[in-house]
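Peer 1: Spelled out, the chains give:
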Amino acid sequence: MSALGAVSVQFTREQLAEVRRLQALYPDKRAALLPVLHLAQEAFGHISLEAEEYAAGLFDLSPAHVHEVVTFYSLFFREPRGRHVISVCHNLTCHLLGAQRVLTHLKKRLGVDVGGTTPDGGVTLLSVECLCACEMAPMMQVNDRYEGNLTPEKVDRILAELR
Amino acid sequence: MSELILTRNFHLPGSHTLALYRETGGYAGLEKAFAMKPAEITEEVKKSNLRGLGGAGFPTGVKWGFLPKGHPGPIYLVINADEGEPGTFKDRYLLERDPHALIEGMIISAYAIGAHLGFVYIRGEYVGPWRIFRRAVEEAYQAGFLGKNILGSGFDLDIIIHRGAGAYICGEETGLISSLEGKKGWPKLKPPFPAIRGAFGAPTIVNNVETICHVPHIVRRGAAWFAGLGTKTQGGTRMYSVSGHVARPGVYELPVSVTLRSLIDEHAGGLPNRRRLKAVVPGGSSAAILTAGEIDVTMDVDGLKNAGTMAGSAGVIVMDETVSIPDALMVVARFYAHESCGQCTPCRESTGWIYKMTRRIIEGKGRKEDLDTILDVARRGAGTTICAFFDGAVGPYISYIEKFRAEFEALIPK
Amino acid sequence: MVRLTIDGKEVEVPEGTNVIEAARRLGIEVPYYCYHPGLSIAGQCRLCMVELGNNPRPQIACNTQVTEGMVVRTDTSKVLETRQSIMEFHLINHPLDCPVCDQAGECWLQIYYMKHGLYEPRMVDEKVHKPKAVPLGPHVILDAERCILCSRCVRFCDEITGTGELGIFQRGDHSEIGLFPGKELANPYSANVIDICPVGALTDRDFRFAVRVWYLDTARSICPGCSRGCNIEVHYNLRRPHHNQGRRVARLKPRYHAEVNRWWICDAGRYGYKFVDDPSRLVSPSRGRGDAAVEIGWDEIIPVIAGQLRRYRPEEMGVLASPKMANEDLFLLKRLVDHLGLAHVDFSVPPRHPGDEDNLLIRADKNPNTCGAELVGLGPREGVGHGGARGILRAAREGRIKCLWVFHHDLLASAWPEEEIREALRTLECLIFQGSNANRVSAAAHYVLPSATWVEREGTFTNFEGRVQRFWRAVEPLGASLADWEILGRIGAALGLGPQPVRAEECFKALAAAVPAFAGLSYGELRDTGKVVSA
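Protein chains in written order, with my numbering: chain A, 1 to 163; chain B, 164 to 577; chain C, 578 to 1112.
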C-alpha cells in the first residue's frame, strides 16, 4: 500500500447519509453506484480494492460487479494519484494543434511519463481522449478545470499556480 | 445573419441564471404547453422535423411516438449530456450558458411523453458544466418549475443529475442507460428499444441536450416556423462545433441548410496562415472525411448523408494542407480502440487490430496488404455489432484510406 | 404455435422460441458461442447471424423470437461471409495453442473454424496478452488469452448460482474475465462454467492434462451423489490405459434433463466418482477377519454365505441394505429377505453430519435411491418394533442378532456413537459385508462380497421425486466384483430360490410385476428421461 493511502476505507456518518439518500433517489438502488464511487474517490483519494469491497457491501453487490464498473470507467483511479491531475487531450483536433508538444513539455517539466506522478505526490500526468473543448485546442483538464489554447508558457504558468 | 435561437443569450453575462432566462422570455412557453394535450405536443414536434442532434439524426417526434400508449407504469426522460464525440462541444455551451433552456425543454418534453422523472447524464469530465446545471436545477425547484404541480398544471417532474465516469460509449443511448443503472456502459440488445423497455425496465426516451433545448421554441413559435428554418427533411437550426485549422474555432448556430464551405470560410473565418484546406470531418470523428473539393454540401442530416458522410454531432474538424492523414487516422483509430466497450466481438477485436495496423504504418513498418486488410476488416465488421459504435469507427477507417490512399502508400516501405 | 420458414423449410414452434432453437428443430445448425438456452441472451459473440425477410443486415438469431410467417435464411453467401468474418475476429487475439490445450477436440473455436474459418491468417501484429493458467478455485483454471468473452460463465454465476464471483473487467480488447482479486470461484456448482465455456479458457483442474478427449468414450448415467439423480455422462478412457494414472473414469459431465437437473450438476457429484478407481476397491471375495482374511473365488464363497444364512434363525439375522443400491439390487435382496423370513431389515443409516441442501439441485439425502429402497420395502417393517438400523445394531450388541449382512455402509461414519457400533461388530458371530470399497465394516467382516460400482454395471435409481432413471455401464467391473443383483442372484440360487435373473432388465421386470409403485414401468421404455412411479 502507498504511504498516501493511509485513509481508512469507511465513510463518515454524513457520507453514509449521502449514500442512503442517493440510493433512495433512483428507481433502483444500484443506480447510485456511480455517484457513490465518485463520493468514495473524493473521500479516499482513489478507489482501492478495499473501497470496492466496501462499496459492494453498501449495495449488496458482489465485489466482482463493482470491480467491473471501476475498471470500465477512466475517471476512477485505482491507484493513489497526485494532489493535482493533469489530463492532456490527445484526440484529433488537439493532436492537429500541438497536443504532442504540450505533452512533451509537461513530461519534461514534471519529470514523469504519461501515467506517472511526480515524486512529491504533486501532479499526475495523463493523456486522454477528447474532452470536448476542441475550440480551445490544444487543451487539457487540470483537476476540475479546462485549460485551453495551450502554449509552453501558458503551461508553465499553470504549473506555477499549482505548486 | 440568421436568427439565433439556442445561443441567443450566450453573449449575455449571467445567461445561466434563472433571472436572465426569464427576462429573455424563458419558461414562458410552459403555460402554452400545459394548455395543450401531450399528444398535441408530440404531433407538433413531429411536424417541426426536429431531428436528434446527438449523432443519429433520428426524428424526435417519431421516437416519442414509439412509447407504448397508455403505459401504466413510469416512463422516463433521459437527457444525453455525455458529450464525447471528438470535435463536438456544443452541449457544454448549453449546459454552461443556458441550463434553464434544457430544464424548460425537459419539462415540456416530459409532459408530452408522460414522464415524471427525468435524468440528465452529464459526462464525468464536465465538472464545471455539471455545477452550473445543478445550480440551475435548484433554482428551478425553488421557483416552482420543477417538483410537484408545476405552475398549478397538476404536472409533476423531478430531475436527477447523473455524472458519468469517463467512457465514450455512454453517449450511445443504451450504453448510457446501462451506466445510469449503475453498470458498465455496455449497450443493450435491441429489440427491445428503450421506448419499450429502457432505463430500469421502463419505457424511456433518450434525447440529446440540444434536441430538447429546441422543444420550447417549437411549442412557442409553432412547428411550421421551425420546419421552415431548415430543409425539407430537417427543421431548425443546429449548433455546429468548428475546430481545427480555422481562424475562429467555436460554436456556430445556423440553419441546417448552411453549406460546409460557408461554415468554414464565412463563419469560422477560413483557414489561418493562408494555408489551403486539405480535408474536413463534418460531423464528429465518426463521420467520413471530406476532401477540400467536397465541401459544397448542406449541413443537414440528409445533405451529408447524400455526400457519403454524416451530420453526426455536427462537430466540424478542419484540416489544412500540413496535416498527415495517416497520422490523423492513427489518432482516430487509437480513440476507437480505447473506447470500444469490449462487449461484442467484431468491435472489440477489430478496433484494436486496426489501431495496431495504422500505428505500424506510421512507424514505417507497414506492409503492402495492410491498407486492404484495414478496409476489408472495417467492411466486414460494419453492421455486425450490438450498437453503432463500430459503424462510427468504420466511417474514418474507410474514408481516410480511400480518399488519401497515396499518402498511406507513401509510408509503406517498398 | 408459430409457423415460419427457415432455408425454405416450414416449421412450427411454440411462441417465444428463438430462431436458433427453431432452426435446430429442422436440423439446421446456427453456430453460436454466447447463447445458452439456460442463460439470459447476451448477443455478444455475433456468430449466430442470419438473414430475416428483406432486412439487408443480418441479425442475431439468439435474440430474434419467431413470428408468424417469418422467413429466415441461414445459408446465404452473406450469412456465410459474416460467419467467416466473426470467426476471424474471435481468433485474431487467440493464442492458437491447441496442442497444449485440454479443450482441443471439443473446442467450438476449432469446430467452427473448420466449418466457417477464413483460412487466411492476416493478423501479424502482437496479440493482446492476458493472464494464463490462473486457478480460479478448487476446480476451475483460467486462461484469459483463450477466452472469447462470451460471458456465459459470468451469467452462470449471476443467474444460476446467484453468487456473482466472475466479472468482465476493463474494456475494449483488454477486457478479461476474472474474479475480484483475492476471491475464489468456489460455489457448489463452480465447475459448470467449464462445461459451458465453449473454448479452452476455463478448464478442469481435475482433468488437466489427464487424457486427450478424443480417447474418451461416453456412457449415459445418473449421478449417485444425492437423491436428485442428476443425469450425467461418464467419460472413460480405455484406449490409453497408461494415461491418467490408469484411472478409467476420466470425468463426469452433466447431461440435460428438463425436469431433473437441466444442464447442471454440482461439484460434489461431479468429482464424487474417485472411489471407482481407488486403491480401496474390493476386488475379490474373501473370508476371514483382518490379517486372517483370505481371498477366495465366488464359486467357493457363495455356498458358504448360503450356509451361514441357513444356519441362523430368522430372528438372529439382520440386514442393513443401502440406499446406494439400485432398484434391481434392492428387489432381489427383498426377495431373499422374504424367503428367509427376516424381520430385522432396514436401509437407513443417518450420517454423522447432516447433508447440505439448497434450492437448486443439492439434496440433503446423499443417497441416490432412498425412494427406491422405501418403495421396494426394505425399510423397518411396521409393527415389528426392532427400532430400525440402530435397533438392529443394539440387538447385535446384546447378542440377540448373531448374523448381520451390511451393504456398503460405513457404520462407523454414522451419527451413532462409534463405540456402540464397534461393540456390535465385535460381538457378531457372522458379519457379512457387501460393497465396492473397503471401510471399517469390511475390515471387521468375516466375509466380504465385492460389488461393482455404478459405472461398471447397469440399473435404475428412483430419485426423491419418484423418477425411475436408468444408468448404463461404462467400464467392466474391477477384479472379480459383480453387480449387487448378480451376487444376490447367485446367493438366491444357492438358497434354492429357483432360476435367477441374468440381466438387470429381468430384475426390473420382476420388480415391476411385484411392487405396485413400479407397476406398468418397463426398463426399455425408461429411455433417457426416466419415468415417475405411480403415487
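No lab work stands behind these hints: they were computed from the structure. Because the structure is a prediction, the values reported are computed rather than measured. All C-beta atoms in this analysis are idealised placements derived from N, C-alpha and C, irrespective of residue type, glycine included. Be aware that a few hints might be false.
DSS-like cross-link-like pairs, simulated, lysine-lysine; straight-line CA separation at most 25 angstroms [what the hints assert, rightly or not]:
| # | chain 1 | residue 1 | chain 2 | residue 2 |
| --- | --- | --- | --- | --- |
| 1 | B | K531 | B | K577 |
| 2 | B | K311 | A | K29 |
| 3 | B | K346 | C | K704 |
| 4 | B | K531 | A | K29 |
| 5 | C | K704 | B | K528 |
| 6 | B | K528 | B | K577 |
| 7 | B | K531 | C | K709 |
| 8 | B | K346 | B | K395 |
| 9 | C | K655 | C | K709 |
Facing chain A, from chain B, some residues (calculated, C-beta under 8 angstroms) [unchecked claim]:
| # | residue |
| --- | --- |
| 10 | E344 |
| 11 | K346 |
| 12 | S404 |
| 13 | P418 |
Peer 1: With reference to the structure, classify each hint as holding or not holding.
Peer 2: Hint check results:
no., hint, verdict
1, B:K531 with B:K577, "8 angstroms, holds"
2, B:K311 with A:K29, "23 angstroms, holds"
3, B:K346 with C:K704, "28 angstroms, violated"
4, B:K531 with A:K29, "54 angstroms, violated"
5, C:K704 with B:K528, "17 angstroms, holds"
6, B:K528 with B:K577, "10 angstroms, holds"
7, B:K531 with C:K709, "34 angstroms, violated"
8, B:K346 with B:K395, "40 angstroms, violated"
9, C:K655 with C:K709, "36 angstroms, violated"
10, E344, "5 angstroms, holds"
11, K346, "7 angstroms, holds"
12, S404, "7 angstroms, holds"
13, P418, "21 angstroms, violated"
Consistency with the previously given hints fails for numbers 3, 4, 7, 8, 9 and 13, ordered from lowest to highest.
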